[in-house]
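Engineer: Please build the complete structure, drawing on both the sequences and the hints.
Here the sequence shown stands for residues 5 to 137, where the numbers follow my numbering.
By construction, these hints were calculated from the structure, which means they are not laboratory data.
Keep in mind that a hint or two might mislead.
To be verified - Below 20 Å or equal to it, Euclidean Cα-Cα: the simulated PhoX-like pairs (lysine-lysine) are: (1) K52 to K9; (2) K52 to K116; (3) K48 to K9; (4) K48 to K72; (5) K72 to K131; (6) K52 to K72; (7) K55 to K72; (8) K55 to K9; (9) K28 to K131.
What the hints assert, rightly or not - Label-pair restraints from in silico Cβ distances: (10) L98 to L129: 22 to 30 Å; (11) K48 to A113: 17 to 25 Å; (12) V110 to N74: 12 to 20 Å; (13) E103 to G67: 20 to 28 Å; (14) K48 to M105: 36 to 44 Å; (15) V110 to T25: 39 to 47 Å; (16) Q108 to L41: 35 to 43 Å; (17) M105 to P43: 14 to 22 Å.
Don't be surprised by glycine CBs; every beta carbon is placed ideally from N, CA and C.
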Amino acid sequence: MKYSKATNYALHTMLFLAAATPNKPVGVQQLAEQQELSPTYLSKILTKLVKAGMIESASGANGGYRLKRNWETISFLDIIHAIEGTASLFDCSLDHGTECMIMQVVLSAEEKMEEHLRNQTMSELVKKMKIVL
5 MKYSKATNYA LHTMLFLAAA TPNKPVGVQQ LAEQQELSPT YLSKILTKLV KAGMIESASG
65 ANGGYRLKRN WETISFLDII HAIEGTASLF DCSLDHGTEC MIMQVVLSAE EKMEEHLRNQ
125 TMSELVKKMK IVL
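Structural biologist: Okay, here's the thing in C-alpha cells:
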C-alpha cells in the first residue's frame, strides 16, 4: 500500500508539532525546513489539517501553526483521512456485487489496517520518542 507524499509530510508535521511544543505556534518556514520541502507546498497540506480541525493557525509576528486541544486523541488514520479522504483503497471493477470474494478479502485486510492506524496516536509516538531521547 502506498500513500501520497502529502500524507507522509502531514504525518511528520503532526509529529514535529506534537514533539516540539504542542501549544506554541511554529512557522510554516520552520516546518518546511524540517522536512526539506517548499513552504508553499506544505501550506496546502497544513490547510487540510486546519480544515480537519487538527491544527490551528495563528497570525502575526509570533504566528504559525499549533495543535488544537485534545490533539492527544488524533490517530494516524485521522491524519491520513484528512489528506487522502475516506474512499476505499480497493474497488472491484467487475459488476458482480458484494459477493465478490476478491473484494471481501481486500476489504477485510483494509479494515484491519485501518483499525491498527486508528489505534496509533501521535501522542503515543511522542512518548516513545522521549523515552529514546
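Engineer: It remains to establish, for every hint, whether it holds in the given structure.
Structural biologist: The hints, checked one at a time:
1. Simply put, K52 and K9 have alpha-carbon atoms about 14 Å apart, close enough for the 20 Å limit, and the pair holds.
2. Between the alpha carbons of K52 and K116 the distance comes to roughly 25 Å, so the proposed pair goes past 20 Å and is violated.
3. Among the hinted pairs, K48 with K9 is consistent with the structure: their alpha-carbon atoms are about 12 Å apart, no more than 20 Å.
4. For the hint pairing K48 with K72, the CA-to-CA distance comes to about 18 Å; that is within 20 Å, so the pair holds.
5. The hinted pair formed by K72 and K131 meets the criterion: a straight-line CA distance of about 18 Å does not exceed 20 Å.
6. For the given pair, K52 sits about 14 Å from K72 by alpha-carbon distance, which is consistent with the 20 Å threshold.
7. Simply put, K55 and K72 have alpha-carbon atoms about 12 Å apart, close enough for the 20 Å limit, and the pair holds.
8. Under the criterion of a C-alpha separation no larger than 20 Å, the hint pairing K55 with K9 is consistent with the structure, at around 19 Å.
9. For the suggested pair K28 and K131, the alpha carbons sit about 18 Å apart, so the restraint of at most 20 Å is met.
10. Distance hint check for L98 and L129: the Cβ-Cβ separation is about 40 Å, which falls outside the suggested range of 22 to 30 Å.
11. For K48 and A113, the Cβ-Cβ distance of about 30 Å falls outside the hinted range of 17 to 25 Å, so the restraint is violated.
12. Against the hinted window of 12 to 20 Å, the Cβ-Cβ separation of V110 and N74 comes to about 33 Å, which falls outside the hint.
13. Judged by the Cβ atoms, the range 20 to 28 Å given for E103 and G67 is violated: they are separated by roughly 54 Å.
14. Between K48 and M105 the Cβ separation comes to about 40 Å, which falls inside the hinted range of 36 to 44 Å.
15. Separation of V110 from T25 is about 41 Å and conforms to the stated range, judged on CB atoms against 39 to 47 Å.
16. At roughly 39 Å, the beta-carbon separation of Q108 and L41 lies within the given 35 to 43 Å, and the hint holds.
17. Take M105 and P43: their Cβ atoms lie about 48 Å apart, and the range 14 to 22 Å is violated.
Comparing the model with each numbered hint stated earlier shows that hints 2, 10, 11, 12, 13, 17 do not hold.
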